[in-house]
Amino acid sequence: MTTRRFIVEPRGLASPQLKLFVPVASVLAAMAVGAVFLLVTGVNPLTVYAQMYDAAFGSARGFSETLISATPLILTGVAAAIAFKMLVWNIGGEGQFLMGAVFAAGIAIWLGDGAPAALALPAVVLAGGLGGAVWAAVAAVPRVYLGTNEIITTLMLNFIALNFVNFLIFGSNSPWRDPAVTTFPSGRPIPDAARMPDFFNRLDIGIFIAIGMAVAAWYLMEKTSWGFAVRIVGDSSSTARYAGVGVAQKILGVFLLSGAAAGFAGGLFVSGPVGALDPRSLDLGLGFTGIIVAALARLNLIAVIPVAILMGALNNSGPSLQAIGVPTATVTMLQGAILIFAVAGEFFIRNRLRRPERSSSSNPEEVVAA
Amino acid sequence: MNESLLILTAVAAISLGTPLIFATVGEIITERAGILNLGVQGMMLVGAVSGFWATFVSGSLILGVVVAMVAAAGLAAVHAFTSITLRVSQIVSGLALTLFGTGLASFLGRAGSEPLVGSPSRKVFVPLLDGAMTEIPVVGPLLFGHDALVYLAVIVAGVASYYLFHTHLGLSLRAVGEDPASAESAGVNVTWVRYAHVMVGGALAGLGGAYFSLALVPTWQDDPIGAAGWIAIALVILASWRPWRAVFAAYLFGAAERFQFTLQTLGEPWSNVPSTLLAMLPFVLAIVAMIVLTSGKRARFLGAPAALGIPYFREQR
Chain A
1 MTTRRFIVEP RGLASPQLKL FVPVASVLAA MAVGAVFLLV TGVNPLTVYA
51 QMYDAAFGSA RGFSETLISA TPLILTGVAA AIAFKMLVWN IGGEGQFLMG
101 AVFAAGIAIW LGDGAPAALA LPAVVLAGGL GGAVWAAVAA VPRVYLGTNE
151 IITTLMLNFI ALNFVNFLIF GSNSPWRDPA VTTFPSGRPI PDAARMPDFF
201 NRLDIGIFIA IGMAVAAWYL MEKTSWGFAV RIVGDSSSTA RYAGVGVAQK
251 ILGVFLLSGA AAGFAGGLFV SGPVGALDPR SLDLGLGFTG IIVAALARLN
301 LIAVIPVAIL MGALNNSGPS LQAIGVPTAT VTMLQGAILI FAVAGEFFIR
351 NRLRRPERSS SSNPEEVVAA
Chain B
1001 MNESLLILTA VAAISLGTPL IFATVGEIIT ERAGILNLGV QGMMLVGAVS
1051 GFWATFVSGS LILGVVVAMV AAAGLAAVHA FTSITLRVSQ IVSGLALTLF
1101 GTGLASFLGR AGSEPLVGSP SRKVFVPLLD GAMTEIPVVG PLLFGHDALV
1151 YLAVIVAGVA SYYLFHTHLG LSLRAVGEDP ASAESAGVNV TWVRYAHVMV
1201 GGALAGLGGA YFSLALVPTW QDDPIGAAGW IAIALVILAS WRPWRAVFAA
1251 YLFGAAERFQ FTLQTLGEPW SNVPSTLLAM LPFVLAIVAM IVLTSGKRAR
1301 FLGAPAALGI PYFREQR
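From first to last, the protein sequence lines are chains A and B. For the first sequence, my numbering gives the first residue as 1, with consecutive numbering after it. For the second sequence, my numbering gives the first residue as 1001, with consecutive numbering after it.
Just so you know, these hints were derived from the structure itself, not from any lab. Computed from a predicted structure; not experimentally measured. Just so you know, not all the hints are guaranteed correct.
Stated by the list, open to error - Distance ranges between label pairs, derived from CB positions:
1. Gly1303(B) x Phe21(A): 40 to 50 Å
2. Val1284(B) x Val181(A): 47 to 57 Å
3. His1168(B) x Gly42(A): 46 to 56 Å
4. Arg231(A) x Ala1181(B): 54 to 64 Å
5. Asp198(A) x Ala1181(B): 52 to 62 Å
6. Arg241(A) x Phe1165(B): 36 to 46 Å
7. Ala50(A) x Val1154(B): 17 to 27 Å
8. Asp1222(B) x Leu28(A): 47 to 57 Å
9. Gly42(A) x Ser1185(B): 46 to 56 Å
10. Gly1303(B) x Leu20(A): 23 to 33 Å
11. Val1117(B) x Tyr219(A): 21 to 31 Å
12. Gln1264(B) x Leu28(A): 44 to 54 Å
13. His1168(B) x Leu39(A): 21 to 31 Å
14. Phe1165(B) x Thr183(A): 56 to 66 Å
Backbone N, C-alpha and C define an ideal beta-carbon position, used for all residues, glycine too.
Between the sequences and the hints, there should be enough to build the whole structure, so can you do that?
Here's what the structure looks like:
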């Protein structure tokens, strides 16, 4: 047996401090990696990070834009977190977000100008969730009833949804397309009654709806018997089956709920800051960023909220970097690095490293069995 | 459909399928070691930008290809570390690789005082046997009108197939992907085998990415590869983890991508089908293939490595 410098042994329960330290360290480590690339391209990383902080938090207006960016990320984060918790690999948040936007914009346009806001606003939100759930069902039903690998189906559905939105706006004279604009195809503006009312600069009530939904999802998963059964399935499907839990229905339920959360995000985004089914404003990778949010929040549905605000801050700060000659893609690079470190950090939450002792008890087999 | 259009479509399918062959064979090698790497899209993009940059600076295509492979293998090494040494979620780690690679490629293409973006490549892969050979009807354009990498892709698939099924090392690799504990009992170093093959897989993804920036779309733009990396992951299953079948699966998807142009060339009424709908075709094809092929216990029967995606705890053997 080769000598080992460290012995890896599983931890029982990680301390709350460690659970907070790992995500914070992930962000700092990602900034260090980003700094290397910024230095190589001849930019002072401190200037860049100061600029980003200033754009995201430096003014009331900047902070309200950060919260606007965070709103959909809270919900795509919830979408990824509830699915991943159950080992349902829904990578289709992107497509479910887009279909949520299609349904929400569709109902708003169908209701038209005459409908009262008290009807139009709930209709738009619910239609968004329905659109996301329907799109998730395309992958969820084969997964549950045929055992089809959902990673690839949800991924492919992202591209189909994006092309579908392009079809509605660029490829046809659909009701979603603005008939008034003939120069370059764009989305038909959503009637005012169906627009989320704003209250501070452009910030609208969508942020409260998103936070409320995250809390509701937390309550559902942690405090109800349904959520309890779901968590048993996530821990061990054989235990769940033994306990008489209907595993198939639980997986289907979580999958659809995950899709609905991403769909809500699309609905709130299209009826909030965007205001029309506009492919260029919607295709921002918000579904994928939700996966980063969920991982950095360690799948905790309450932690998703502050983490989404952090990622929203990054997204919001991106365009301001162009003013100092730094590519907006710096943000994507940083977010990817954050996810790499966050997932690597799980190792330290799950395990502890220990120097081997000289006594006979340092046998790793024994340590692990203990 | 007239004959020349059919041949044009087939030639384009071969060319569009070539990067898919590299990436798919790379992912087959990775998955045969029991590691799922969803970072193909990111590795291809990093290969595309670094290969483009190296050729841009040096004027050498070979150097571009080498740099692309090394850079993507470096990114793959990160995934190897998280999934083999740290044994955390391979799915999330792979997605992280893709997000980081996508950001990095776009960043590198736009950073600096003279960014690469918008620049044409200094050198481009050109057909090897231009001239008389390609004049031969049907066979000429299909077999002879291609650049070196098109032939290399087929050779890579052939070598990978031989390696997997006819060499001792290939047998060790498959053993590691099926049952790492038994492989280790038989004296195979599981960690080493997994690291090596994840990195080879990454290098091939990088080569596939470089094919976009040095042959297919030889001008740097933010996202030159479309969804090729994601398609490659689906093709692994369609090819049932066999490199030879990857060649045909890749050409089939190359044809699906080309289909919208083919229909447009046919004229009315075919050209009226919106291109946004036709662009869905490869993805619909992948989903249908996935439902037909991987449902129930069929994935195992197809040849999915039994230990795919499962971290190996040597201490718990």
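Right, here's what the structure says about each hint:
1. Between Gly1303(B) and Phe21(A), the C-beta spacing of about 43 Å keeps the proposed range 40 to 50 Å intact.
2. The hint said 47 to 57 Å for the Cβ distance between Val1284(B) and Val181(A), and at roughly 30 Å that hint is violated.
3. Between His1168(B) and Gly42(A) the beta carbon distance is about 49 Å. The supplied range of 46 to 56 Å therefore holds.
4. Take Arg231(A) and Ala1181(B): their Cβ atoms lie about 30 Å apart, and the range 54 to 64 Å is violated.
5. Checked against the given bound of 52 to 62 Å, the beta carbons of Asp198(A) and Ala1181(B), roughly 59 Å apart, stay inside it.
6. Judged by the Cβ atoms, the range 36 to 46 Å given for Arg241(A) and Phe1165(B) holds: they are separated by roughly 38 Å.
7. A hinted range of 17 to 27 Å for the beta carbons of Ala50(A) and Val1154(B) is inconsistent with their spacing of about 52 Å.
8. Taking the beta carbon of each, Asp1222(B) and Leu28(A) are about 28 Å apart, not inside 47 to 57 Å as hinted.
9. Between Gly42(A) and Ser1185(B) the Cβ separation comes to about 53 Å, which falls inside the hinted range of 46 to 56 Å.
10. In this structure the hint that Gly1303(B) and Leu20(A) lie 23 to 33 Å apart at CB is violated, the actual value being about 44 Å.
11. Here the CB-CB span from Val1117(B) to Tyr219(A) is close to 47 Å, at odds with the stated 21 to 31 Å.
12. Look at Gln1264(B) against Leu28(A): about 51 Å separates their beta carbons, and that is inside 44 to 54 Å.
13. Under the hint 21 to 31 Å, the C-beta atoms of His1168(B) and Leu39(A), about 46 Å apart, miss the expected range.
14. One distance hint, 56 to 66 Å for the beta-carbon pair Phe1165(B) and Thr183(A), holds here, with the actual separation near 58 Å.
Of the numbered hints stated above, those contradicted by the structure are hints 2, 4, 7, 8, 10, 11 and 13, listed in ascending order.
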